[in-house]
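Asks: Sequence:
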Amino acid sequence: MKQNLKEITSQFQLEGRFLDAVPYGSGHINDTFVSRFQVGDDLVRYIHQRLNHSIFKEPEAVMENIERVTRYAYEQIAAAGGDPRRGTMNLIPAVDGKSYYRCDEGNYWRSFIFIEGAHTYDQVENLRHIYSANKAFGNFLKMMSALPGERLHETIPDFHHTRKRFEAFVEALEIDVMNRAQSVKADIDFVLAREPETSVIVDMLAAGKLPERVTHNDTKLNNVLIDDITGEGICVIDLDTVMPGSALYDFGDSIRIGAGTAAEDERDLCKVGVSLEMFDYLAHGYLDAARSFLTPTEIDYLPFSAKLITLECGMRFLTDYLNGDTYFKTQRVRHNLDRCRTQFKMVAEMEQNPLQMSAIVAKYR
Numbered sequence: 001m002k003q004n005l006k007e008i009t010s011q012f013q014l015e016g017r018f019l020d021a022v023p024y025g026s027g028h029i030n031d032t033f034v035s036r037f038q039v040g041d042d043l044v045r046y047i048h049q050r051l052n053h054s055i056f057k058e059p060e061a062v063m064e065n066i067e068r069v070t071r072y073a074y075e076q077i078a079a080a081g082g083d084p085r086r087g088t089m090n091l092i093p094a095v096d097g098k099s100y101y102r103c104d105e106g107n108y109w110r111s112f113i114f115i116e117g118a119h120t121y122d123q124v125e126n127l128r129h130i131y132s133a134n135k136a137f138g139n140f141l142k143m144m145s146a147l148p149g150e151r152l153h154e155t156i157p158d159f160h161h162t163r164k165r166f167e168a169f170v171e172a173l174e175i176d177v178m179n180r181a182q183s184v185k186a187d188i189d190f191v192l193a194r195e196p197e198t199s200v201i202v203d204m205l206a207a208g209k210l211p212e213r214v215t216h217n218d219t220k221l222n223n224v225l226i227d228d229i230t231g232e233g234i235c236v237i238d239l240d241t242v243m244p245g246s247a248l249y250d251f252g253d254s255i256r257i258g259a260g261t262a263a264e265d266e267r268d269l270c271k272v273g274v275s276l277e278m279f280d281y282l283a284h285g286y287l288d289a290a291r292s293f294l295t296p297t298e299i300d301y302l303p304f305s306a307k308l309i310t311l312e313c314g315m316r317f318l319t320d321y322l323n324g325d326t327y328f329k330t331q332r333v334r335h336n337l338d339r340c341r342t343q344f345k346m347v348a349e350m351e352q353n354p355l356q357m358s359a360i361v362a363k364y365r
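All letters in the sequence shown, in the order written, are residues 1 to 365 by the working numbering.
Please keep in mind that the hints were generated in silico from the structure rather than gathered at the bench.
All values reported here derive from a predicted model rather than from experimental measurement.
Incorrect hints may appear among the rest.
Simulated pairs of lysine-lysine, DSS-like, Cα-Cα distance not exceeding 30 Å [as the list claims (entries may be wrong)]:
| id | residue 1 | residue 2 |
| --- | --- | --- |
| 1 | 329 | 164 |
| 2 | 98 | 6 |
| 3 | 329 | 271 |
| 4 | 209 | 329 |
| 5 | 57 | 220 |
| 6 | 271 | 220 |
| 7 | 209 | 185 |
| 8 | 329 | 57 |
| 9 | 98 | 57 |
| 10 | 57 | 185 |
| 11 | 220 | 209 |
| 12 | 164 | 98 |
| 13 | 185 | 329 |
| 14 | 142 | 220 |
| 15 | 363 | 329 |
| 16 | 220 | 164 |
| 17 | 271 | 209 |
| 18 | 57 | 6 |
| 19 | 142 | 57 |
| 20 | 220 | 363 |
| 21 | 363 | 142 |
| 22 | 57 | 164 |
| 23 | 142 | 185 |
| 24 | 363 | 209 |
| 25 | 271 | 363 |
Please model the entire structure based on the sequences and the hints provided.
Replies: Written as structure tokens, this is what we have:
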């Protein structure tokens, strides 16, 4: 891989002499590497990624989105007196001037400046990081609200179209290709009982009651770089899913991921729940950044969005279980079923605490 990476890096406009490159990070979609280059007396690092084009079917559209978003972020951060080399991802052009390089094997590669003095965290080590990460997502949403030009590409069409996710679930249930439906009747009934809720956000978007935004769509803690000194969230990363959507998608997913009390695939449901303390930190950070431009309706529906996106995710796990585990990677029998049940347990707990969640949002709106 060393020789391959040396060849790949030679296809980008990088300064200095290639020293080495090693795998980097904990992502599960793209292959990521960090390289070291000798530039005079200094060592400079870069990030290189091989885009997973089995997930992202139109890599050129993904890269066009990222190019537009990062260029605009650079301009806005610089105009505000910030450091755009740390405040946004910075693409390094290929030798032909494109934002990516397509190798002979058909793989798409891209390179970024490595942001020093900051790290991502897979696990919460400091509650301040939770606040800072969601504030960074709120700032990103606010910045992108004025993105000029035409509508961004949908890199994964209907990614958070919860109604279509429900329809896919019903189709899997009717086919029942693995004859699993009878053994998970309670889980199926849990989804069917909440069918009316699956259309709420998409219907409001269609009716103009909610504005369409440029959204990140993968708002987990490790998609924000946290500054080593200040503890602030300085840069939102992993921009492949940036596309048109609702602010409610981003907030809802941040709660699903950030406020859960157990791992996504925890088998002991007694350990699974929703931390209102974590919900408080997440809502506080997001609204400190975004309250000035979110509409009253968007803010009103923030608690509901947490429940809906968690239901959507659980529904996707259950759909995949009924289909024979063909989408999500599994490490054990019933893995997707375990994942589905953690999400449904969180949904049930949110349904028990709507007033508390609404009160937290009201405190920061």
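Asks: Now look at each hint and say whether the structure bears it out.
Replies: Going through the hints against the structure:
1. 329 to 164: Roughly 22 Å separates the two Cα atoms, so the pair holds.
2. 98 to 6: holds (19 Å)
3. 329 to 271: Holds, at roughly 23 Å.
4. 209 to 329: violated (37 Å)
5. 57 to 220: At roughly 23 Å apart (the allowed maximum being 30 Å), residue 220 and residue 57 satisfy the hint.
6. 271 to 220: holds (20 Å)
7. 209 to 185: Not satisfied, since the Cα-Cα distance of roughly 35 Å exceeds 30 Å.
8. 329 to 57: Given that 30 Å is the threshold and the Cα spacing comes to 19 Å, the pair holds.
9. 98 to 57: Roughly 18 Å separates the two Cα atoms, so the pair holds.
10. 57 to 185: Between residue 57 and residue 185 the Cα gap is close to 34 Å, so the pair fails against 30 Å, i.e. violated.
11. 220 to 209: holds (27 Å)
12. 164 to 98: violated (35 Å)
13. 185 to 329: With Cα atoms ~23 Å apart, residue 185 and residue 329 stay inside 30 Å; holds.
14. 142 to 220: holds (18 Å)
15. 363 to 329: Roughly 40 Å between the alpha carbons, so the hint for residue 363 and residue 329 is violated.
16. 220 to 164: holds (23 Å)
17. 271 to 209: violated (37 Å)
18. 57 to 6: holds (26 Å)
19. 142 to 57: holds (28 Å)
20. 220 to 363: holds (23 Å)
21. 363 to 142: Status holds; Cα separation ~20 Å.
22. 57 to 164: Measuring from Cα to Cα gives roughly 19 Å; hence the hint holds.
23. 142 to 185: violated (42 Å)
24. 363 to 209: holds (23 Å)
25. 271 to 363: It holds: about 28 Å lies between the C-alpha atoms, which stays within 30 Å.
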